[in-house]
Amino acid sequence: MNDTTLRDRFRGALLGTMVGDALGAPFEGSDPEFVARIVDEYQDLPAVERARHNALFGILLGGVVVPGSARYTDDTQMMIGLAESLIEHPSLDGPDLAARFVANFQPHRGYGAGAAAVIQEWAKGEPWDTVGGLLFGGQGSFGNGAAMRVAPVGALYHDDRLRVRQVAAAQAVLTHTNPLGRQGAQIQAAAVAAALRLDIQNDDFDPGAFIDDIMETVGPVERWMNAGMDDVRTLLRLRPNVIEVMETLGNGIEAHLSVPAAVYAFAAHYDSFSEAVRFAIHLGGDTDTIAAMTGAIAGALHGASGIPPNWREAMEDSDLGRDYVLTLADRLFDVWRGQRRPDAGRN
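Position 83 of the sequence shown, counting from 1, maps to 83 under my numbering, and the rest follow consecutively.
Calculated directly from the structure, the hints in this document are not laboratory data.
Keep in mind the model is a prediction, meaning the values are calculated, not measured.
Heads up, the beta-carbon is just placed ideally off N, CA and C, and yes, glycines get one too.
Any given hint might turn out to be false.
[Stated by the list, open to error] Label pairs and their calculated CB-CB ranges:
| hint | residue 1 | residue 2 | range |
| --- | --- | --- | --- |
| 1 | Glu244 | Asp271 | 19 to 29 Å |
| 2 | Gln166 | Trp224 | 18 to 28 Å |
| 3 | Leu134 | Asp204 | 41 to 51 Å |
| 4 | Asn310 | Thr4 | 22 to 32 Å |
Modelling step: build the complete structure from the supplied sequences, incorporating the hints.
See below:
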(Lines of atoms letter the chains of each structure in order from A and count residues from 1; the text may use other names and numbers.)
(Lines give C-alpha, C1' and ligand atoms only; values in the text may rest on other atoms or scores of the structure.)
Protein backbone atom coordinates (compact mmCIF):
# COMPACT_ATOMS: atom_id res chain seq x y z
CA MET A 1 0.00 0.00 0.00
CA ASN A 2 1.55 3.31 -1.02
CA ASP A 3 1.83 6.33 1.24
CA THR A 4 -0.82 8.32 -0.61
CA THR A 5 -3.42 5.60 -0.01
CA LEU A 6 -2.35 5.08 3.57
CA ARG A 7 -2.50 8.80 4.36
CA ASP A 8 -6.02 8.89 2.89
CA ARG A 9 -7.00 6.03 5.17
CA PHE A 10 -5.65 7.83 8.24
CA ARG A 11 -7.80 10.76 7.16
CA GLY A 12 -10.76 8.46 6.68
CA ALA A 13 -10.49 6.97 10.18
CA LEU A 14 -10.58 10.39 11.85
CA LEU A 15 -13.00 12.13 9.51
CA GLY A 16 -15.19 9.02 9.48
CA THR A 17 -15.54 9.36 13.25
CA MET A 18 -16.72 12.94 12.84
CA VAL A 19 -19.12 12.16 9.98
CA GLY A 20 -20.79 9.24 11.76
CA ASP A 21 -21.01 11.23 14.98
CA ALA A 22 -22.56 14.34 13.39
CA LEU A 23 -25.02 12.45 11.19
CA GLY A 24 -26.07 10.11 13.98
CA ALA A 25 -26.58 12.82 16.59
CA PRO A 26 -30.08 13.98 15.49
CA PHE A 27 -31.39 10.42 15.86
CA GLU A 28 -29.89 9.73 19.31
CA GLY A 29 -32.34 7.97 21.61
CA SER A 30 -34.64 6.93 18.77
CA ASP A 31 -35.76 3.36 18.24
CA PRO A 32 -35.18 1.68 14.86
CA GLU A 33 -38.85 1.94 13.89
CA PHE A 34 -38.79 5.71 14.43
CA VAL A 35 -35.63 6.15 12.36
CA ALA A 36 -37.13 4.08 9.55
CA ARG A 37 -40.38 6.04 9.65
CA ILE A 38 -38.60 9.40 9.53
CA VAL A 39 -36.49 8.23 6.61
CA ASP A 40 -39.51 6.86 4.73
CA GLU A 41 -41.51 10.03 5.30
CA TYR A 42 -38.63 12.18 4.11
CA GLN A 43 -38.18 10.11 0.96
CA ASP A 44 -41.87 10.48 0.13
CA LEU A 45 -41.80 14.27 0.34
CA PRO A 46 -41.61 16.45 -2.80
CA ALA A 47 -38.20 18.05 -3.26
CA VAL A 48 -39.46 21.49 -2.29
CA GLU A 49 -40.77 20.13 1.01
CA ARG A 50 -37.57 18.23 1.77
CA ALA A 51 -35.66 21.50 1.92
CA ARG A 52 -37.85 22.63 4.83
CA HIS A 53 -37.05 19.64 6.99
CA ASN A 54 -34.08 18.97 9.20
CA ALA A 55 -31.08 19.35 6.93
CA LEU A 56 -29.29 16.43 8.53
CA PHE A 57 -32.00 14.01 7.42
CA GLY A 58 -31.41 15.25 3.89
CA ILE A 59 -27.65 14.82 4.21
CA LEU A 60 -28.10 11.27 5.44
CA LEU A 61 -30.22 10.44 2.40
CA GLY A 62 -27.98 12.21 -0.12
CA GLY A 63 -30.24 15.20 -0.48
CA VAL A 64 -30.11 18.82 0.59
CA VAL A 65 -26.76 19.98 1.97
CA VAL A 66 -26.23 23.07 4.09
CA PRO A 67 -22.43 23.44 4.35
CA GLY A 68 -21.23 23.23 7.93
CA SER A 69 -24.65 22.30 9.31
CA ALA A 70 -23.65 18.91 10.74
CA ARG A 71 -22.37 19.56 14.26
CA TYR A 72 -20.26 17.01 16.06
CA THR A 73 -20.63 15.89 19.68
CA ASP A 74 -18.32 14.93 22.53
CA ASP A 75 -17.35 11.79 20.56
CA THR A 76 -15.40 13.82 18.02
CA GLN A 77 -14.20 16.41 20.52
CA MET A 78 -12.53 13.73 22.64
CA MET A 79 -11.14 12.04 19.53
CA ILE A 80 -9.54 15.36 18.62
CA GLY A 81 -7.93 15.61 22.06
CA LEU A 82 -6.56 12.08 21.80
CA ALA A 83 -5.12 12.73 18.33
CA GLU A 84 -3.52 15.97 19.51
CA SER A 85 -1.90 14.20 22.44
CA LEU A 86 -0.66 11.20 20.43
CA ILE A 87 1.01 13.50 17.90
CA GLU A 88 3.10 15.00 20.69
CA HIS A 89 3.40 11.85 22.81
CA PRO A 90 2.95 8.74 20.62
CA SER A 91 3.41 6.33 23.53
CA LEU A 92 0.63 8.19 25.40
CA ASP A 93 1.16 10.67 28.19
CA GLY A 94 -1.69 10.54 30.70
CA PRO A 95 -1.30 14.05 32.16
CA ASP A 96 -1.07 15.59 28.68
CA LEU A 97 -4.15 13.72 27.46
CA ALA A 98 -6.17 14.77 30.51
CA ALA A 99 -5.06 18.38 30.02
CA ARG A 100 -6.22 18.32 26.40
CA PHE A 101 -9.58 16.89 27.37
CA VAL A 102 -9.93 19.75 29.86
CA ALA A 103 -8.80 22.41 27.37
CA ASN A 104 -11.19 21.21 24.65
CA PHE A 105 -14.17 20.62 26.94
CA GLN A 106 -17.41 22.21 25.72
CA PRO A 107 -20.38 20.97 27.77
CA HIS A 108 -22.85 21.70 24.95
CA ARG A 109 -21.28 18.90 22.91
CA GLY A 110 -23.37 16.43 24.92
CA TYR A 111 -20.89 14.83 27.30
CA GLY A 112 -22.11 11.97 29.44
CA ALA A 113 -22.40 12.67 33.15
CA GLY A 114 -19.44 10.46 34.04
CA ALA A 115 -17.02 11.93 31.53
CA ALA A 116 -18.09 15.49 32.37
CA ALA A 117 -17.54 14.83 36.08
CA VAL A 118 -14.06 13.43 35.48
CA ILE A 119 -13.04 16.37 33.29
CA GLN A 120 -14.37 18.85 35.82
CA GLU A 121 -12.37 17.18 38.59
CA TRP A 122 -9.21 17.34 36.50
CA ALA A 123 -9.89 21.04 35.93
CA LYS A 124 -9.88 21.46 39.72
CA GLY A 125 -6.46 19.83 39.90
CA GLU A 126 -7.38 16.28 40.84
CA PRO A 127 -4.86 13.60 39.70
CA TRP A 128 -5.35 12.39 36.13
CA ASP A 129 -4.98 8.72 37.07
CA THR A 130 -7.39 8.38 39.99
CA VAL A 131 -10.65 10.19 39.23
CA GLY A 132 -11.98 7.75 36.63
CA GLY A 133 -11.71 4.86 39.05
CA LEU A 134 -14.08 6.54 41.49
CA LEU A 135 -17.06 6.44 39.14
CA PHE A 136 -20.02 4.16 39.83
CA GLY A 137 -19.01 3.26 43.35
CA GLY A 138 -15.46 2.41 42.36
CA GLN A 139 -16.50 -0.05 39.63
CA GLY A 140 -15.57 2.39 36.88
CA SER A 141 -17.51 3.14 33.73
CA PHE A 142 -18.29 0.37 31.27
CA GLY A 143 -19.68 2.82 28.73
CA ASN A 144 -18.47 3.34 25.18
CA GLY A 145 -16.79 6.71 25.75
CA ALA A 146 -13.27 5.31 25.52
CA ALA A 147 -14.12 3.44 22.32
CA MET A 148 -15.77 6.33 20.52
CA ARG A 149 -12.56 8.41 20.60
CA VAL A 150 -9.96 5.71 19.96
CA ALA A 151 -9.60 5.82 16.15
CA PRO A 152 -6.26 7.70 16.30
CA VAL A 153 -4.74 4.78 18.23
CA GLY A 154 -5.92 2.24 15.66
CA ALA A 155 -4.48 4.35 12.85
CA LEU A 156 -1.14 5.20 14.45
CA TYR A 157 -0.44 1.61 15.49
CA HIS A 158 -2.24 -0.24 12.70
CA ASP A 159 0.87 -2.33 12.02
CA ASP A 160 1.66 -3.14 15.66
CA ARG A 161 -0.93 -5.30 17.39
CA LEU A 162 0.71 -5.09 20.80
CA ARG A 163 0.77 -1.30 20.80
CA VAL A 164 -2.84 -1.11 19.59
CA ARG A 165 -3.90 -3.19 22.58
CA GLN A 166 -1.69 -1.36 25.08
CA VAL A 167 -2.30 2.23 24.02
CA ALA A 168 -6.05 1.74 23.53
CA ALA A 169 -6.25 0.46 27.11
CA ALA A 170 -3.98 3.20 28.46
CA GLN A 171 -6.10 6.01 27.02
CA ALA A 172 -9.27 4.28 28.17
CA VAL A 173 -8.44 4.06 31.86
CA LEU A 174 -8.37 7.83 32.27
CA THR A 175 -12.17 7.75 32.15
CA HIS A 176 -13.15 4.06 31.92
CA THR A 177 -11.49 1.73 34.43
CA ASN A 178 -14.11 -1.01 34.19
CA PRO A 179 -12.78 -3.93 32.06
CA LEU A 180 -15.73 -3.70 29.66
CA GLY A 181 -15.08 -0.02 28.97
CA ARG A 182 -11.39 -0.71 28.42
CA GLN A 183 -11.96 -3.75 26.22
CA GLY A 184 -14.52 -1.89 24.15
CA ALA A 185 -11.81 0.63 23.32
CA GLN A 186 -9.35 -2.14 22.50
CA ILE A 187 -11.79 -3.88 20.15
CA GLN A 188 -12.68 -0.63 18.40
CA ALA A 189 -9.00 0.32 17.97
CA ALA A 190 -8.22 -3.18 16.71
CA ALA A 191 -11.10 -2.94 14.21
CA VAL A 192 -9.80 0.39 12.86
CA ALA A 193 -6.30 -1.09 12.60
CA ALA A 194 -7.55 -4.25 10.87
CA ALA A 195 -9.59 -2.24 8.36
CA LEU A 196 -6.64 0.03 7.65
CA ARG A 197 -4.43 -2.97 6.92
CA LEU A 198 -6.90 -4.50 4.45
CA ASP A 199 -5.77 -4.46 0.83
CA ILE A 200 -8.62 -6.20 -0.95
CA GLN A 201 -11.06 -6.17 -3.76
CA ASN A 202 -14.66 -5.99 -2.56
CA ASP A 203 -15.41 -9.67 -3.22
CA ASP A 204 -12.37 -10.81 -1.23
CA PHE A 205 -13.57 -9.58 2.18
CA ASP A 206 -13.91 -12.38 4.73
CA PRO A 207 -16.07 -11.21 7.68
CA GLY A 208 -15.04 -14.12 9.89
CA ALA A 209 -11.36 -13.50 9.28
CA PHE A 210 -11.88 -9.82 10.06
CA ILE A 211 -13.39 -10.66 13.47
CA ASP A 212 -10.59 -13.17 14.10
CA ASP A 213 -8.05 -10.44 13.35
CA ILE A 214 -9.66 -8.09 15.87
CA MET A 215 -9.84 -10.67 18.65
CA GLU A 216 -6.30 -11.88 18.00
CA THR A 217 -5.13 -8.34 18.64
CA VAL A 218 -7.21 -7.85 21.78
CA GLY A 219 -6.86 -11.26 23.43
CA PRO A 220 -9.21 -12.64 26.11
CA VAL A 221 -12.14 -10.42 27.08
CA GLU A 222 -14.96 -10.42 29.63
CA ARG A 223 -17.77 -12.87 28.94
CA TRP A 224 -20.30 -10.15 28.05
CA MET A 225 -17.96 -8.68 25.47
CA ASN A 226 -17.02 -12.09 24.16
CA ALA A 227 -20.70 -13.01 23.80
CA GLY A 228 -21.31 -9.85 21.81
CA MET A 229 -18.49 -10.55 19.39
CA ASP A 230 -19.64 -14.17 19.01
CA ASP A 231 -23.09 -12.83 18.14
CA VAL A 232 -21.49 -10.63 15.48
CA ARG A 233 -20.02 -13.74 13.84
CA THR A 234 -23.40 -15.46 13.85
CA LEU A 235 -25.27 -12.46 12.48
CA LEU A 236 -22.77 -11.99 9.67
CA ARG A 237 -23.65 -15.49 8.48
CA LEU A 238 -27.41 -14.96 8.81
CA ARG A 239 -27.74 -11.38 7.49
CA PRO A 240 -30.82 -10.47 9.57
CA ASN A 241 -32.83 -7.24 9.41
CA VAL A 242 -31.98 -4.17 11.46
CA ILE A 243 -34.47 -4.97 14.24
CA GLU A 244 -33.01 -8.44 14.73
CA VAL A 245 -29.49 -7.02 14.84
CA MET A 246 -30.51 -4.43 17.44
CA GLU A 247 -32.32 -7.00 19.57
CA THR A 248 -29.31 -9.33 19.48
CA LEU A 249 -26.41 -6.89 19.87
CA GLY A 250 -28.05 -3.90 21.53
CA ASN A 251 -27.75 -0.19 20.80
CA GLY A 252 -27.04 1.30 24.22
CA ILE A 253 -24.24 3.36 25.72
CA GLU A 254 -22.63 0.31 27.31
CA ALA A 255 -19.47 -0.78 25.51
CA HIS A 256 -20.61 -4.39 25.15
CA LEU A 257 -23.95 -3.21 23.68
CA SER A 258 -22.51 -0.81 21.12
CA VAL A 259 -18.97 -1.73 20.06
CA PRO A 260 -20.06 -5.12 18.60
CA ALA A 261 -22.94 -3.31 16.87
CA ALA A 262 -20.49 -0.92 15.19
CA VAL A 263 -18.24 -3.79 14.12
CA TYR A 264 -21.26 -5.55 12.64
CA ALA A 265 -22.49 -2.43 10.84
CA PHE A 266 -19.13 -2.14 9.12
CA ALA A 267 -18.53 -5.83 8.39
CA ALA A 268 -22.03 -6.33 6.94
CA HIS A 269 -21.62 -3.27 4.68
CA TYR A 270 -17.85 -3.20 4.19
CA ASP A 271 -18.10 -2.18 0.54
CA SER A 272 -19.79 1.17 1.20
CA PHE A 273 -18.92 3.83 3.76
CA SER A 274 -22.35 5.40 3.46
CA GLU A 275 -24.32 2.16 3.79
CA ALA A 276 -22.33 1.12 6.87
CA VAL A 277 -23.01 4.46 8.59
CA ARG A 278 -26.66 4.49 7.55
CA PHE A 279 -27.15 1.01 9.00
CA ALA A 280 -25.51 2.07 12.26
CA ILE A 281 -27.94 5.00 12.54
CA HIS A 282 -30.91 2.77 11.71
CA LEU A 283 -30.06 0.68 14.78
CA GLY A 284 -31.33 3.56 16.91
CA GLY A 285 -30.28 4.12 20.50
CA ASP A 286 -26.85 5.67 20.92
CA THR A 287 -26.77 6.56 17.24
CA ASP A 288 -24.05 9.20 17.33
CA THR A 289 -21.51 6.93 19.00
CA ILE A 290 -22.36 3.73 17.14
CA ALA A 291 -22.22 5.63 13.85
CA ALA A 292 -18.99 7.39 14.90
CA MET A 293 -17.33 4.03 15.61
CA THR A 294 -18.70 2.54 12.39
CA GLY A 295 -17.50 5.58 10.45
CA ALA A 296 -14.02 5.24 11.90
CA ILE A 297 -13.73 1.61 10.80
CA ALA A 298 -15.27 2.21 7.36
CA GLY A 299 -13.15 5.32 6.89
CA ALA A 300 -10.02 3.34 7.69
CA LEU A 301 -10.84 1.06 4.75
CA HIS A 302 -12.27 3.50 2.22
CA GLY A 303 -10.28 6.58 3.15
CA ALA A 304 -11.53 10.15 3.31
CA SER A 305 -11.91 9.99 -0.46
CA GLY A 306 -14.52 7.25 0.02
CA ILE A 307 -16.78 9.43 2.18
CA PRO A 308 -19.61 10.98 0.14
CA PRO A 309 -18.63 14.52 -0.88
CA ASN A 310 -21.92 16.00 0.35
CA TRP A 311 -21.33 14.44 3.78
CA ARG A 312 -17.83 15.91 3.94
CA GLU A 313 -19.14 19.31 2.89
CA ALA A 314 -21.85 19.23 5.54
CA MET A 315 -19.41 18.81 8.44
CA GLU A 316 -18.90 21.84 10.63
CA ASP A 317 -15.62 23.58 9.91
CA SER A 318 -14.96 25.70 12.98
CA ASP A 319 -11.47 26.12 14.44
CA LEU A 320 -11.58 22.47 15.52
CA GLY A 321 -13.76 21.33 12.65
CA ARG A 322 -13.42 19.26 9.50
CA ASP A 323 -10.22 20.75 8.10
CA TYR A 324 -8.55 20.62 11.50
CA VAL A 325 -9.43 16.93 11.83
CA LEU A 326 -7.88 16.28 8.41
CA THR A 327 -4.75 18.17 9.48
CA LEU A 328 -4.53 16.05 12.62
CA ALA A 329 -4.80 12.90 10.50
CA ASP A 330 -1.95 14.11 8.28
CA ARG A 331 0.23 14.89 11.28
CA LEU A 332 -0.59 11.51 12.83
CA PHE A 333 0.42 9.83 9.57
CA ASP A 334 3.70 11.74 9.61
CA VAL A 335 4.36 10.52 13.16
CA TRP A 336 3.72 6.94 12.04
CA ARG A 337 5.92 7.39 8.97
CA GLY A 338 8.75 8.86 11.01
CA GLN A 339 8.69 6.08 13.59
CA ARG A 340 8.22 3.18 11.22
CA ARG A 341 10.73 0.41 11.71
CA PRO A 342 11.54 -2.64 9.50
CA ASP A 343 10.28 -4.97 12.24
CA ALA A 344 7.01 -3.10 12.87
CA GLY A 345 4.09 -5.42 13.47
CA ARG A 346 6.14 -8.53 14.27
CA ASN A 347 4.38 -9.53 17.43
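Discussion item. Let me make sure I understand: some of the numbered hints might not hold for this structure. Which ones are they, in numerical order?
Written reply: none
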